[in-house]
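> Top line first, the protein sequences correspond to chains A and B. In this text, residue positions in the first sequence follow our numbering: the first is 360, and each later residue adds one. In this text, residue positions in the second sequence follow our numbering: the first is 10, and each later residue adds one.
Hints in this document: simulated from the structure, not taken from any laboratory. Some hints here could point you the wrong way.
Partial selection, computed: residues in chain A whose CB lies under 7 Å from chain B [as the list claims (entries may be wrong)]: (1) V416; (2) K422; (3) P423; (4) V426; (5) I460; (6) A476; (7) C477.
Below, a sample of chain B positions facing chain A; criterion: calculated Cβ distance under 8 Å [said to hold, decoys possible]: (8) D79; (9) K82; (10) G197; (11) F352.
Calculated lysine-lysine pairs in the PhoX-like style (CA-CA distance at most 25 Å, straight line) [as the list claims (entries may be wrong)]: (12) A:K503 <-> A:K418; (13) B:K46 <-> A:K397; (14) B:K35 <-> A:K472.
Note that beta-carbon positions come from the ideal geometry of N, C-alpha and C, so glycine has one too.
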Amino acid sequence: MNSRRDFMGMALGGFTALGGIGALYAMKRSWDPLPSVKSAGFTTIDLSGAVENVLNVEKWRGKPIFVLKLAADAPKSPRQITVGGSRYLVVIGLCTHLGCIPSFDIAADNKNKFKCACHGGEYDINAVETFGPPPRPLDIPPFKLSGTSLVLGEEGPEYKKMLASGLTLKV
Amino acid sequence: MAHFDEKAKPFSHQWLNERLAIDTVKKVMSSEYWIPKDINFLWAMGMILAATFGLLVISGIFLLMYYQPDTAKAFDSVNYTIMTEVGYGWLWRHIHGVGASLVFLIIYIHMFTGIYYGSYKRGREMIWLSGMLLFVLFSAEAFSGYMLPWGQMSYWAGMVITNLFGGFTPDLAGGALNFPGFVEWLRGDYVPAQAFLSRFFMLHVFLLPLAIIGVIVLHFATLRIPHVNNQEGAEIDFEESARLYKDGKKKESKVIPFSPVFLSKDVFVMGVYFILFFYLVFFHFDFAMDPVNFDPANGLKTPLHIYPEWYFLWSYEVLRPFSFNIGLVAFAFAQVAFFLLPFLDKSPVVAPASRRGLFHIWFWLMIIDMIVLSVMGKLPPEGAWNIIGFGAAVVFILLFVALPFITKNEKKA
């Protein structure tokens with residue numbers, strides 16, 4: 360720095376940059392999801408009325424939630440949730456590839472599977488990927504058991520255990 | 010101080026010239042903006058694009074008067090209010106829909122004309138780069154506009170495309186390249202909803218058009234000094250040719266002024282184009298309107314088969330046949346690959362592809378491959394289509410990898 364002009368240029372540049380960073384931060388915050396959107400993220404679903412091998416689709420945070428009561432002879436998996444002696448599969452019904460909703464195909468011998476029409480991904484009865492581009496099983500939403508109901512959005516001990524053992528990702 | 014003639018009548022030629030230098034502006038911008046004679050109708054695509062963009066702006070203004078960016082009202086405001094209630098509302102919508110489709114057809118012709126004649130190198134790199142920037146901006150404009158009718162294709166295209174910004178899968182690099190929060194930030198919600206629709210509405214009607222207009226000005230400016238290329242790729246002495254033209258030796262001169270001489274040809278080609286354009290607007294507007302998008306958006310039901318508009322099919326198919334992470338890299342590559350063209354083409358030769366040996370084969374392979382990719386992108390991802398799509402996607406990437414090698418030893422024609 361060897362002249363008054365250099366100093367003034369740097370002072371001006373510095374303050375302008377500071378203002379620019381502030382403005383960028385404000386812009387970023389304005390793009391954030393609103394608190395009202397964030398707080399609407401809890402849903403309670405009742406499992407008592409579920410029928411074996413019939414896929415129920417519930418809605419949580421605008422996303423479809425697959426609720427499937429498994430048949431007694433269906434293969435066991437740590438991804439299942441046991442409520443009142445019955446086993447359930449509760450997953451977010453969005454393909455982990457790019458987010459389309461897979462369809463549920465009922466087949467004999469517990470070969471039921473989820474199939475995504477968008478890019479051809481397939482999942483088995485426990486929503487674990489078996490074919491195509493999906494990088495991981497369908498995600499399990501955060502849940503807390505409450506009698507015969509599930510509260511989606513809250514993290515209960517069963518969900519935390521699944522997270523810790525890497526059975527699903529935090530969504 | 011400049012000289013102002015007190016006696017000049019307000020707004021007379023002299024009065025304006027003293028204040029705005031209109032004679033100089035006219036010379037620089039048109040009457041002495043020299044265009045080579047040796048060009049064909051493909052050189053009119055730029056003006057056709059400018060005119061189509063103009064039509065999109067005008068039709069958009071009228072759509073904007075009745076469109077409602079509200080998830081509960083958007084679908085009806087388009088399909089009921091604009092289409093059935095507003096006088097001639099259907100006309101604006103069909104011009105807007107057909108225009109959005111044709112603008113990409115012409116962009117592709119414009120791009121491949123540039124590639125064929127080597128108009129992206131030897132001083133014309135900035136023309137190419139600003140043009141590619143326009144392609145990206147038009148793509149964003151088309152995508153954001155596609156969200157607005159809030160039909161099933163709008164919703165699910167919004168879902169799929171924004172998911173691409175979540176980065177790689179969490180198991181890669183310990184999740185350092187995975188940002189699911191960014192997708193929610195982009196949408197302003199867990200899924201595409203009101204916040205998403207409003208912000209894409211803002212992008213579509215204000216920010217992106219503003220950016221497009223700015224880059225169009227830049228694109229024109231990049232053209233002014235290196236000048237337009239010509240059919241032979243010949244280096245023209247523009248000063249010499251301009252002197253000949255001004256001396257009345259028009260036959261000997263290799264150039265013509267942009268206005269009115271070149272523009273008259275532009276206008277003729279534009280006339281032919283607009284016959285096609287309005288034929289489609291009045292009689293075949295349906296090609297630009299996917300029937301699936303006439304179902305209102307439903308977050309609990311994916312359409313059976315999701316595909317983008319025809320102009321995005323090739324890049325979609327570069328993404329689709331691969332596993333997630335590789336697909337993402339391939340897709341990102343497809344988006345920027347054409348930007349790299351001036352730097353991947355190592356040959357100094359500026360000539361039509363037909364005289365460039367291996368490059369000629371490269372050019373047609375690229376066209377065929379992009380057509381194959383587009384066709385496969387539209388077909389459902391099953392059986393043989395998967396294999397052909399995969400092959401075409403690999404060929405697309407290999408063509409760019411091979412370009413420096415096949416152009417390196419190119420002999421001067």
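> For every hint, state whether the structure bears it out.
Hints versus structure:
1. V416: 6 Å, holds
2. K422: 6 Å, holds
3. P423: 5 Å, holds
4. V426: 13 Å, violated
5. I460: 4 Å, holds
6. A476: 5 Å, holds
7. C477: Nearest chain B Cβ about 5 Å off; hint holds.
8. D79: 15 Å, violated
9. K82: This hint is violated: K82 of chain B lies away from chain A, its Cβ roughly 18 Å from the closest one there, beyond 8 Å.
10. G197: 5 Å, holds
11. F352: Constraint on F352 of chain B not satisfied, violated at 31 Å.
12. A:K503 <-> A:K418: 16 Å, holds
13. B:K46 <-> A:K397: 63 Å, violated
14. B:K35 <-> A:K472: Not satisfied, since the Cα-Cα distance of roughly 69 Å exceeds 25 Å.
The structure fails hints 4, 8, 9, 11, 13, 14 (numbered hints given earlier, in ascending order).
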